[in-house]
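Student: Residue strings, one per chain:
There are 2 protein chains.
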Amino acid sequence: MIPTPAGADAATVEDAPEQTPSAAARAAAEPAGTPTGPIPVVPDGSARLDVEAVSRALKGRWADSRDEARERAARPELHKPYDVSVAEHRARVLEQLHLLVADETSHKMLPEHLGGPNDNGGNVAAFEELVVADPSMQIKAGVQWGLFTAAIIQLGDEEQHHRWVPDAMSLQIPGAFAMTEIGHGSDVQSLATTATYDADTEEWVIHTPFRAAWKDYLGNAALHARAATVFARLITQGVDHGVHCFYVPIRDENGELLPGISSEDDGPKGGLNGIDNGRLAFDQVRVPRTNLLNRYGDVAPDGTYSSPIESPGRRFFTMLGTLVQGRVSLDGAANRATQLALHIAITYATQRRQFTAADPTREMVLLDYQSHLHRLMPKLAATYAGAFAHEQLLQAFDDVFSGRGDTPEAREDLETMAAALKPTSTRLALDTIQECREACGGAGFMAENQLVGLHQDLDVYATFEGDNTVLLQLVAKRLLSDYTSELKTIDRAGIGRFIAQRAEVLARRHTPWTRLAQDLSDLGSPKRAFDSMRSADFQEEMLASRARVKVEEVALSLRPAARMSPADAAAHVNKHQVEMLAAARAHAELVLWRAFTAGIEALEDEDSRTVLTDVRDLFGLDRINADLAWFLLNGLISAQRGRQITSDLRRLLWRLRPHALDLIAAFDVRPGHVRAPIALGGEQERQDEAAAYHRAQRASTSAPVSEKVLRERAKKEKQAARKRQGAGR
Amino acid sequence: MIPTPAGADAATVEDAPEQTPSAAARAAAEPAGTPTGPIPVVPDGSARLDVEAVSRALKGRWADSRDEARERAARPELHKPYDVSVAEHRARVLEQLHLLVADETSHKMLPEHLGGPNDNGGNVAAFEELVVADPSMQIKAGVQWGLFTAAIIQLGDEEQHHRWVPDAMSLQIPGAFAMTEIGHGSDVQSLATTATYDADTEEWVIHTPFRAAWKDYLGNAALHARAATVFARLITQGVDHGVHCFYVPIRDENGELLPGISSEDDGPKGGLNGIDNGRLAFDQVRVPRTNLLNRYGDVAPDGTYSSPIESPGRRFFTMLGTLVQGRVSLDGAANRATQLALHIAITYATQRRQFTAADPTREMVLLDYQSHLHRLMPKLAATYAGAFAHEQLLQAFDDVFSGRGDTPEAREDLETMAAALKPTSTRLALDTIQECREACGGAGFMAENQLVGLHQDLDVYATFEGDNTVLLQLVAKRLLSDYTSELKTIDRAGIGRFIAQRAEVLARRHTPWTRLAQDLSDLGSPKRAFDSMRSADFQEEMLASRARVKVEEVALSLRPAARMSPADAAAHVNKHQVEMLAAARAHAELVLWRAFTAGIEALEDEDSRTVLTDVRDLFGLDRINADLAWFLLNGLISAQRGRQITSDLRRLLWRLRPHALDLIAAFDVRPGHVRAPIALGGEQERQDEAAAYHRAQRASTSAPVSEKVLRERAKKEKQAARKRQGAGR
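Top line first, the protein sequences correspond to chains A and B. Quick note on numbering: UniProt numbering labels position 391 of the first sequence as 391, and the sequence is numbered without any gaps. Quick note on numbering: UniProt numbering labels position 90 of the second sequence as 90, and the sequence is numbered without any gaps.
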């Protein structure tokens with residue numbers, strides 16, 4: 001409660017030694033723009049963001065689709081309600097889904113033979129934008145069209161499309177996507193529900209063998225679903241062919257469960273309470289043979305199994321490939337939610353004043369505090385990186401799903417990229433929303449200011465559609481296998497070179513030659529060091545080296561496992577799991593940095609490039625700084641540069657301070673998306689009213705005088721009197 | 001979705017160079033207990049926690065009070081409801097408060113002249129335990145007795161106590177604590193509500209001059225409060241004496257607002273929805289002269305102001321001193337909530353199985369994954385540190401508030417400690433609860449498993465009762481003023497020594513002699529390095545040096561401010577705000593580490609000391625590792641030790657793995673506190689049922705055979721046939 005800042009006392013340290021030269025030089029090189037009072041504005045003649053142009057770039061290839069969806073997301077009837085029961089929220093969201101049907105929101109996803117444009121990128125882009133209306137509505141739409149309907153389209157044949165897709169699209173048949181079981185979520189291969197073929201009746205018998213095999217957490221399952229795409233082990237002629245997908249009706253037109261089907265309600269959740277998540281179990285439920293979605297595996301009437309893909313492993317992963325759409329769209333939705341949170345917190349931080357510092361009659365706006373900039377701006381930078389990276393991901397997804405570039409390699413790359421970005425963006429979203437909520441103080445905790453609701457609804461993003469840890473592990477696996485196959489293909493001379501390289505890395509740890517070289521090149525000039533650290537080459541070298549070395553180190557550490565028993569090998573690998581995850585994260589950050597850089601290069605407006613390059617540098621240096629010990633220990637960054645990096649980051653924060661509102665404006669978060677009163681001018685109005693009152697008080701002669709002021713005045717008069725007395729003597 | 005672990009591929013790296021000797025030596029020194037299959041148990045002959053003894057130590061001096069409160073907190077009628085409207089939740093919590101009255105829960109806080117035992121420590125200890133029942137009930141009780149009633153007791157005289165305390169205690173008069181305004185929260189000194197004395201009528205006129213001066217976020221204000229302790233600027237005879245506290249009736253016995261009082265409902269919040277937070281405004285509201293709580297300031301009937309404390313600044317801070325109770329109790333409540341979250345997540349992690357690794361027929365429990373240990377165990381260690389530190393804080397609080405040790409210095413120390421620990425424990429709580437929720441996957445998102453609700457309710461802990469950032473700044477201010485007054489009192493020779501010391505620190509950055517010494521002492525023996533890093537002396541030296549050097553560096557950086565204009569000085573100080581906060585955090589971690597160490601030393605049971613020393617080491621090394629770049633750059637830790645520390649941390653995690661459940665058991669989280677089905681055996685039951693099913697399937701001859709197995713069998717037969725053919729040739 002004691003008011004800040006704390007400087008007054010500390011400034012009396014008078015007996016301390018002189019500053020070190022480097023600190024003094026640093027201070028001298030400090031750029032202008034450090035605020036001393038008024039809200040910083042972009043200095044005349046400096047580069048300024050072309051908000052329109054950057055906004056267009058962020059919207060990417062499917063800008064039209066996004067624009068249309070942003071208009072939709074601003075409609076009040078699609079907004080999240082406050083203080084409603086779970087039942088009321090669910091009913092409202094179901095109604096909202098019918099509004100989306102009327103709008104033909106998901107029509108874009110349909111392939112040509114179903115009368116659609118097969119515009120998968122546009123469809124997902126539009127879907128992502130719904131998050132600012134109500135994440136419950138968005139995810140329920142995702143369940144209905146992105147999972148249930150998409151499973152039919154992706155895994156069924158044309159006859160099945162015509163049979164089921166129209167009713168799924170029109171919401172005539174709400175559906176559940178029954179994959180996850182209580183016992184197994186991200187480990188789909190271990191699902192236990194069985195679908196056993198009965199050749200006598202030409203039917204599948206769907207069955208839940210034990211409690212842990214109940215399907216769980218399924219949107220639509222508690223109430224609304226009339227059918228489900230059920231993932232179960234296909235068993236025919238005594239052989240278990242692994243997990244396949246079946247179309248299974250579960251409720252009649254009155255909403256009554258069909259015979260053999262059990263359902264339980266998951267009840268209230270941490271968020272997304274507009275969705276009726278629930279459990280499903282099957283007690284020897286029979287469906288016709290042709291209810292197996294048969295694109296990648298089928299049985300003849302006599303029960304003979306056939307598949308276009310011979311390897312059961314590859315067949316399984318191909319079927320699961322459809323799941324990537326969920327990850328891609330969560331990546332985009334998480335990014336959009338982060339934009340909204342930053343819009344709210346940064347708008348408020350430029351209006352909200354607290355504590356006086358430079359100006360005794362006017363408090364400082366929050367964003368002029370170093371710690372506030374430090375909390376929000378690096379996350380803003382990461383959000384830009386995430387937006388550009390997402391656009392790359394979405395284009396890769398569209399290429400594959402439209403069929404234009406659907407090769408096994410492209411699919412694998414798409415899956416790896418999605419597996420790298422979804423954990424990164426969902427983590428950033430949760431961390432940023434929480435930081436924004438805290439940065440808004442008590443106001444941030446009020447539901448009407450949207451931040452708490454965003455956190456609650458997006459919380460589950462970290463663990464659904466592939467748990468973040470499991471996805472990063474998948475990325476690590478891919479990186480390791482790329483690395484080892486690279487090793488396998490190089491010749492003996494190449495291996496020699498590789499060994500020499502490794503020796504060099506290890507040697508660097510003991511003789512810090514890289515550091516010395518960095519120190520020499522920076523010598524005597526913090527400005528030069530600042531510029532060199534801000535060079536794209538430096539950042540890319542650092543981030544790329546880190547990603548490479550981390551994979552190398554894991555690969556080397558895992559070598560002994562090759563000669564171990566399976567049990568020992570597993571234990572050995574497990575002892576390096578955290579390093580594997582770190583390698584995957586390093587890879588993801590490199591992907592983000594490169595996408596951001598490419599995004600800037602594609603901009604025509606030079607001023608915008610200049611400002612965004614600062615933002616990119618903030619992202620790059622912040623990521624390097626977060627892992628600085630690693631860079632120091634591996635000899636990639638010298639101690640001198642290491643010490644420099646913190647002050648460089650601070651300098652970047654102040655440079656970007658005048659651009660904060662422009663950077664937010666480019667997110668194009670519109671009225672209707674922002675419903676938080678604290679970001680709609682109410683704070684500014686109150687501040688103005690209070691300032692006018694205080695001005696009037698100061699001008700008035702009848703306003704009360706502060707006891708403190710009186711005491712100081714009295715003290716001064718006493719001193720003056722003493723002086724006069726002394727002079728008189 | 002591709003199953004882990006990723007080792008299989010990587011293990012085929014065969015052409016890489018040999019491991020470095022240090023890595024090999026490290027592997028050789030690896031302790032036993034690294035899991036290869038079954039759940040780790042404490043090895044025979046190893047130290048094992050005496051759960052009872054440690055539990056007693058954690059409960060501290062007020063163990064009886066805690067035991068009684070834990071029984072109370074297990075009562076279903078006090079538990080948080082799910083899926084109720086804000087109105088229903090508020091009504092329920094009000095009822096619960098009456099149950100607490102019937103139990104005389106808060107009787108302990110009363111001083112002797114009001115018939116109580118003046119047991120402030122016991123009162124707060126009991127209060128803290130309520131968090132596991134329903135945080136809304138806890139905080140509403142805190143508003144009624146810890147703020148509203150406590151303000152009367154702490155700021156009023158005995159006559160006022162007798163006039164108002166009994167009805168406040170019995171909930172006859174629910175009350176609001178009207179301090180915070182829309183415009184000012186943690187900056188109490190800037191509050192704008194006025195209380196102007198009218199000598200003609202001998203009344204106070206309470207008034208809200210503009211919208212930003214509305215009191216806001218006040219528990220009880222929206223509905224239930226009939227009175228409020230209102231903080232307002234006391235104005236008499238034309239002089240503003242600063243913020244004082246007034247007892248103001250606001251609603252009649254029918255709940256109708258009294259004339260001149262306005263109230264607004266804050267509506268739904270991110271959590272704590274059982275509390276009716278709201279706003280209050282006063283339009284020239286008159287209360288008698290004697291409604292000023294007059295312990296630290298009073299007016300005579302003619303309007304003459306008097307106070308036992310001359311300095312307006314000191315008077316203000318003395319009045320605010322009562323707020324420390326809120327911070328102390330939030331520190332304890334946050335720690336208790338963290339214990340509950342860890343209990344749930346770690347219990348689940350020892351039962352939940354996912355992915356096969358070592359054993360093809362039995363999946364691994366989550367806690368046997370390195371990454372899972374890594375997520376949860378350092379937070380468990382920090383929670384132990386927090387519990388021991390809280391006990392010290394509570395004792396300091398009790399000494400001051402009981403009057404037994406109420407000196408200005410003791411108060412200042414208490415306030416600094418509370419300001420250091422409350423931000424630390426509330427941050428740990430939010431981060432841990434979130435990590436626990438994610439570590440439980442989809443199940444963690446279900447409301448019934450408690451974790452999401454805990455996060456929602458505790459979210460506001462980070463910003464109320466003193467915003468965490470503002471509190472840390474207060475700590476920094478204190479550290480800086482201690483440091484500078486230390487400097488002022490040393491003689492010239494001392495200053496010479498100080499300058500020499502500083503020079504040494506700076507020199508260390510360039511000639512890494514400390515590092516070399518560390519390297520020499522560790523030479524050739526990772527085991528020795530492991531032991532030396534685990535020594536208490538090493539950790540204390542590191543954490544204490546860091547806390548000291550960080551303060552020194554800020555003090556030195558702020559020196560130029562002494563010669564600047566106030567505006568420039570403020571801007572200069574602001575440029576070091578982040579460093580100031582870092583210094584405060586470093587101080588807090590040192591306090592935690594020392595409290596943990598002292599707590600271990602006080603234990604009689606040697607085995608428990610042994611196990612807890614590992615936990616303490618995990619805490620210490622984890623904190624050092626989190627700031628490793630700083631230690632490296634300041635020459636306090638050598639590169640060799642820096643590289644070692646990660647592997648040492650991993651080693652500690654595995655050593656502690658067998659003790660995880662004992663460590664949780666010592667928290668004494670009871671049935672009734674834990675209501676999460678995933679932590680009450682349901683998961684184990686399901687796992688057992690599934691395992692039995694799979695066992696039966698393996699034993700059966702009629703169970704389906706996997707296509708994969710058939711293909712492998714066929715492949716082997718083909719190979720064998722080829723071999724036979726080849727042999728026959």
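Think of the hints as simulated: they come from the structure by calculation, not from any bench. Heads up, the beta-carbon is just placed ideally off N, CA and C, and yes, glycines get one too. A portion of the hints provided could be inaccurate.
As the list claims (entries may be wrong) - Where chain B lies over chain A, by a calculated footprint (3+ residues, C-beta under 8 Å):
hint	stretch
1	447-458
2	465-471
3	587-597
Student: It remains to establish, for every hint, whether it holds in the given structure.
Tutor: Cross-check of the supplied hints:
no.	hint	in the structure
1	447-458	holds (count 7)
2	465-471	holds (count 5)
3	587-597	violated (count 0)
When the structure is compared with the earlier hints, a violation turns up for hint 3 alone.
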